[in-house]
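Engineer: Can you make the complete structure from the sequences, with help from the hints?
The primary structure of each chain is shown beneath.
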Amino acid sequence: MTKIQTQYNRRSFLKISAAAGGGMLIGFSWLTGCVSEGKNNEALAIPNEWFDINGYIKIGDTGLVTIYSPNPEIGQNVRTSMPMIVAEELDVNWENVMVEQAPLNTGFYNNQIAGGSQSIRKGWNPLRMAGATARRMLLEATAKELGVEVTALTVANGIIKEISGERTMGYGDIASKAVGIEVPEVVELKDIKDFKLISTSVKNVDGKNIVTGKPLFGLDFQREGMQLAMIQHPPAFGMKVKDFNEAEIKAMSGVSNAFIVDITVPEPGYFDEKGFLQLVAIVGKSTWQLMKAKKALKVNWEQVSELEDSEMHMKRMEASLASEMRESRKDGDPAAAFKKAAKVIERTYSAPFLPHNTMEPMNFFAHVTETSAELVGPTQTPQALEGSVSKLLGLPIEDVTVNMTRMGGGFGRRLYVHFGVEAAAISKKIGAPVKLIYTREDDMTQGTYRPAYLATYKAGLDENNNLIAFSVKGTGLPESPVFENRFPAGTVENYLAEKASTKTNITTGAWRAPRSHFTAGAEQSFLDEVAELAEKDPIEFRLELFDRAISNPIGNRNDYDAQRYAGVLKLVKEKSNWGQEMPGIHRGVAAYYCHNSYVAEVIDIAMEKNTPKIKKVWCAVDCGIVVNRDAAKNMVQGGVIDGVGHAMYSQLTFKDGATQESNFNQYRLIRHSQAPEAIEVFFVENDIDPTGLGEPGLPPAIGALANALYQATGERHYHQPFMSFKSVKG
Amino acid sequence: MPDYKLRINGTSYKVNVADDTPLLWVLRDELHLLGTKFGCGIGQCGACTVHFEGAAVRSCLIAVSAIGKSEITTIEGLSEDGDHPVQKAWLEHDVSQCGYCQSGQIMNAAALLAENPKPTDNDIDNAMNGNICRCGTYVRIKQAIKTASNQ
Numbered sequence: 155m156t157k158i159q160t161q162y163n164r165r166s167f168l169k170i171s172a173a174a175g176g177g178m179l180i181g182f183s184w185l186t187g188c189v190s191e192g193k194n195n196e197a198l199a200i201p202n203e204w205f206d207i208n209g210y211i212k213i214g215d216t217g218l219v220t221i222y223s224p225n226p227e228i229g230q231n232v233r234t235s236m237p238m239i240v241a242e243e244l245d246v247n248w249e250n251v252m253v254e255q256a257p258l259n260t261g262f263y264n265n266q267i268a269g270g271s272q273s274i275r276k277g278w279n280p281l282r283m284a285g286a287t288a289r290r291m292l293l294e295a296t297a298k299e300l301g302v303e304v305t306a307l308t309v310a311n312g313i314i315k316e317i318s319g320e321r322t323m324g325y326g327d328i329a330s331k332a333v334g335i336e337v338p339e340v341v342e343l344k345d346i347k348d349f350k351l352i353s354t355s356v357k358n359v360d361g362k363n364i365v366t367g368k369p370l371f372g373l374d375f376q377r378e379g380m381q382l383a384m385i386q387h388p389p390a391f392g393m394k395v396k397d398f399n400e401a402e403i404k405a406m407s408g409v410s411n412a413f414i415v416d417i418t419v420p421e422p423g424y425f426d427e428k429g430f431l432q433l434v435a436i437v438g439k440s441t442w443q444l445m446k447a448k449k450a451l452k453v454n455w456e457q458v459s460e461l462e463d464s465e466m467h468m469k470r471m472e473a474s475l476a477s478e479m480r481e482s483r484k485d486g487d488p489a490a491a492f493k494k495a496a497k498v499i500e501r502t503y504s505a506p507f508l509p510h511n512t513m514e515p516m517n518f519f520a521h522v523t524e525t526s527a528e529l530v531g532p533t534q535t536p537q538a539l540e541g542s543v544s545k546l547l548g549l550p551i552e553d554v555t556v557n558m559t560r561m562g563g564g565f566g567r568r569l570y571v572h573f574g575v576e577a578a579a580i581s582k583k584i585g586a587p588v589k590l591i592y593t594r595e596d597d598m599t600q601g602t603y604r605p606a607y608l609a610t611y612k613a614g615l616d617e618n619n620n621l622i623a624f625s626v627k628g629t630g631l632p633e634s635p636v637f638e639n640r641f642p643a644g645t646v647e648n649y650l651a652e653k654a655s656t657k658t659n660i661t662t663g664a665w666r667a668p669r670s671h672f673t674a675g676a677e678q679s680f681l682d683e684v685a686e687l688a689e690k691d692p693i694e695f696r697l698e699l700f701d702r703a704i705s706n707p708i709g710n711r712n713d714y715d716a717q718r719y720a721g722v723l724k725l726v727k728e729k730s731n732w733g734q735e736m737p738g739i740h741r742g743v744a745a746y747y748c749h750n751s752y753v754a755e756v757i758d759i760a761m762e763k764n765t766p767k768i769k770k771v772w773c774a775v776d777c778g779i780v781v782n783r784d785a786a787k788n789m790v791q792g793g794v795i796d797g798v799g800h801a802m803y804s805q806l807t808f809k810d811g812a813t814q815e816s817n818f819n820q821y822r823l824i825r826h827s828q829a830p831e832a833i834e835v836f837f838v839e840n841d842i843d844p845t846g847l848g849e850p851g852l853p854p855a856i857g858a859l860a861n862a863l864y865q866a867t868g869e870r871h872y873h874q875p876f877m878s879f880k881s882v883k884g
Numbered sequence: 006m007p008d009y010k011l012r013i014n015g016t017s018y019k020v021n022v023a024d025d026t027p028l029l030w031v032l033r034d035e036l037h038l039l040g041t042k043f044g045c046g047i048g049q050c051g052a053c054t055v056h057f058e059g060a061a062v063r064s065c066l067i068a069v070s071a072i073g074k075s076e077i078t079t080i081e082g083l084s085e086d087g088d089h090p091v092q093k094a095w096l097e098h099d100v101s102q103c104g105y106c107q108s109g110q111i112m113n114a115a116a117l118l119a120e121n122p123k124p125t126d127n128d129i130d131n132a133m134n135g136n137i138c139r140c141g142t143y144v145r146i147k148q149a150i151k152t153a154s155n156q
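Residue numbers (the numbering used here), protein chains in the order written: chain W, 155 to 884; chain R, 6 to 156.
In short, the hints are calculated from the structure, not lab data.
Backbone N, C-alpha and C define an ideal beta-carbon position, used for all residues, glycine too.
You can take every hint at face value.
Far from chain W, by Cβ distances over 10 Å, these chain R residues were calculated: (1) K10; (2) T16; (3) K151; (4) N155.
Computed footprint of chain W on chain R; a stretch qualifies when at least three of its residues, placed anywhere within it, have a C-beta under 8 Å from a C-beta of chain W: (5) 49-62; (6) 105-116; (7) 124-134.
One side of the interface only, derived from the structure: several residues of chain R facing chain W at Cβ under 8 Å: (8) A23; (9) G46; (10) G87; (11) Q92; (12) W95; (13) D99; (14) S101; (15) Q102; (16) C140; (17) Y143.
Structural biologist: Here it is, written out as structure tokens:
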């Protein structure tokens, strides 16, 4: 067994227990528990009394267990998988587990953020410890009660038994005594081979509530006496509100107030708004009346900076790529190697700005008083929101509470906190609780977009078709996409990575697998072309490079494990029967490592009525231990569709500082008929600590798609979106 | 503002709203039937799908004044206890990721199967194309519809 130091003490348990008891159950039932799917409701009665064992676990006198899920739920299914890890070490039947969203408590929980695919990776040890610590306390309390040593006891499925005796003790029977046991300083964790729950498939704990339409999301939040609010931000980047027809709007039916709010916070952080800081706010009783009032707004806007457009954006990126490069890694002598190369290939790739378009538009509830602020809603960064609201209102951080609802999608959009801050500013102004609601147009034109990118890749082969030189240079609005230490760095003697950035006043932010979604598509389709030039099979070509990185890597800053990288390629090769001819099927492959997980994908395309149709996608994944198998597959499938969809169809374009797309009649997202017909997901089985899957499934899909399209049509795709805009059925 | 008498999920409701108020906002703001979701407001995403005399419609596009005596069914009224074959199939395939679009997807799928109990892949694509799932659960949705069609 692994022995591990616990990282918390009795005081921190008490602190969280108090927060959980006082802050959790007040008036919003959808933040409280739901009995996990498949539970036999007759099995255990709802307890009369609950005992807080630690901040993650509460045990009822009937043996029912509540596990708090610490992290925000955006659809990555952590509300199921994180409690599974606790339940495994606690050794309790999943059927007897209820899950509740934990409150924000930065002093106790670790990393309460949905970002970077890190929930499972960073939660792994704390969650295991939480379960193991509680199990140990229950054992010690039982030993005391029965007058035996802990070593004389064994535990399984929430029942403690004497090893050589008849007496048993259920968790529900001893929970009241376990509360008084000193928290152990060292706990024993289970051997991985003894896992009973982890690596199985457990259904989404919210599944039933979702399919029956229960109010789970921020937009569904209701509070007695609550008003509704909408905002109007400037129609273009580079503009600012001056004044508006306030009297006219206030006189409209259903409008109780209208004013300009300023959401500037002192010393803004990464997650604070950088663009639209002054907004027109309209407050009233019904959403429809507010929508009508918004349409009646006559606002005087003033131009405060340049009004940019898409043509200008591309010209500026091209100029940047041609002149302003900063070297970020150099191995060997790339210039000399390119000079002596027998074959040289150079290609340039681009990708446009993209909005996140979570299906649930931005919204937040806020109730600000003179001495406190309460916020409830969809946020990927509750801690950042708490800090920003504290700064905006000048309230001590202890007087700001943030509770998380389930989110109708995240994709990075809700890492940014402006909509919560706006709700707080509006609530303060009207002195009443308020729920702020964005329209789709507000959401799509607000900014915080995936940056636009442009990058050039160059490769040189010797006369034996060996890769002897490789370079990448990239720029973007406003950041470079280049990861200088990623593959194929480490596999080529002569390597150069260069970066530049291009200024823009369009606001940008992290978008599912930031930068990786672009670099994977560009690099993996470039390598496909290099393999073709080298007259090698694209998988064999990559595996040769990984052999080099395994046996004799160049440099010591390479950010990947070449064995695991090659491992997913080998697995996808085997599972997809790569190399076997299939009539009418055209295949492309890609592999990528990001956010600590490795994914290789093969996409099979058939041409149907002159249109490429994805028949099947094969995915091989190494994310270490798979916590929740079917849910992990779902994540990878979703990543593939997200990657394929945006690469094929989506783009945001600008004219006079304004986006030319503002809703789904103009902006195209992948739909049912365009989705792959089947997506199979296979995992590399190992005992490595688990890493996340929210992002890693997406990036390789873009490369595999481009390569399969080339096989199907003979055309290489360098610029996203690959398919030009066509109207879709509504 | 006029009064409207509506039949929703077999229950009669009286609401007092402007005549152009979309059914979506009557459901959400007036009746607190929150399972029907707001996604785009222009009938392009399908999150607000309900049944209008059994047919799938976008509730964001139907003015309250146009409903008359028509029977409306929302996700809350699709079944007694979440046991409609489509809901059961959704759980069997553990379709949901974020879950926000799923009540609209389910309502559309239920209307499709009521009209066409054994849809082909093409039928499913055609019927479901107006419902966006941003998380990309399309493959599982199709599997779930096929499972439900065999019930």
